[in-house]
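> Numbers in our numbering are just positions in the sequence shown, counted from 1, shifted up by 496.
One or more hints might be untrue.
[What the hints assert, rightly or not] Ranges between beta-carbon positions, derived for each pair: (1) 668 / 562: 32 to 40 Å; (2) 549 / 604: 17 to 25 Å; (3) 664 / 560: 26 to 34 Å.
Hint data in this document are derived by calculation from the structure and do not stem from the laboratory.
Where a beta carbon is used, it is the ideal one built from N, C-alpha and C, also for glycine.
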Amino acid sequence: SDSRNSIFSCLLVFRIPFQMMYSLFPTPVFHENHKHLCDRFNSSQNDFKIVSDTLLDKGFELIKRMGLKTDYNNLKIKDIWLETFKEYSNQEYHVHYNSLVSGFLFLEVGKDTSFPIFCDPRSNTLLYKDINELENKDEVSAMSERVNIKPQQGDLIIFPSYLPHMFTVQKNNNILRFIHFNLHDKL
Numbered sequence: 497s498d499s500r501n502s503i504f505s506c507l508l509v510f511r512i513p514f515q516m517m518y519s520l521f522p523t524p525v526f527h528e529n530h531k532h533l534c535d536r537f538n539s540s541q542n543d544f545k546i547v548s549d550t551l552l553d554k555g556f557e558l559i560k561r562m563g564l565k566t567d568y569n570n571l572k573i574k575d576i577w578l579e580t581f582k583e584y585s586n587q588e589y590h591v592h593y594n595s596l597v598s599g600f601l602f603l604e605v606g607k608d609t610s611f612p613i614f615c616d617p618r619s620n621t622l623l624y625k626d627i628n629e630l631e632n633k634d635e636v637s638a639m640s641e642r643v644n645i646k647p648q649q650g651d652l653i654i655f656p657s658y659l660p661h662m663f664t665v666q667k668n669n670n671i672l673r674f675i676h677f678n679l680h681d682k683l
């Protein structure tokens, strides 16, 4: 009888109440507007130090949120490049290997230009989606297969490098210009 009571009390301690909701496999994404960085980058001063410091600071915040152990002083911009999209430009789905986080800083966003689409990295969710309809396809939910983000000038988006992403085909000659970068702590 005593051992039975101790097992029961142990189960009560670890019981999860039904009214709590958990996200077990979230993919954190940082999205914030930093139009002042575009002004710095596009100015005659071209003060890239402020831009790179912001990329590192915000990237470090996301890495900590992901639960990864890293030292800020070891975090480096591994790759960085400028992309300019014109008519018919696009990117196929891809990930960035050998990086912790990747991101975009949108410098110039013309009317109706291309935009990034992020894909659910959990491939097994596709099995579930085949047999069930989403309640509201226009809302982002834990079962959304893809998420579109329509950028504005100054938007900084940082995401885990394992997150598949692409850019839609540019259907006009308006300019989409952005910095694409990867951060890592082991170079």
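> Now look at each hint and say whether the structure bears it out.
Now for the hints, and whether the structure bears them out:
1. 668 / 562: 32 to 40 Å: Between residue 668 and residue 562, where Cβ atoms are some 36 Å apart, the hint holds.
2. 549 / 604: 17 to 25 Å: 22 Å, holds
3. 664 / 560: 26 to 34 Å: Since the Cβ atoms of residue 664 and residue 560 sit about 31 Å apart, the hinted range of 26 to 34 Å holds.
Every hint, counting from the list given before, is met by this structure.
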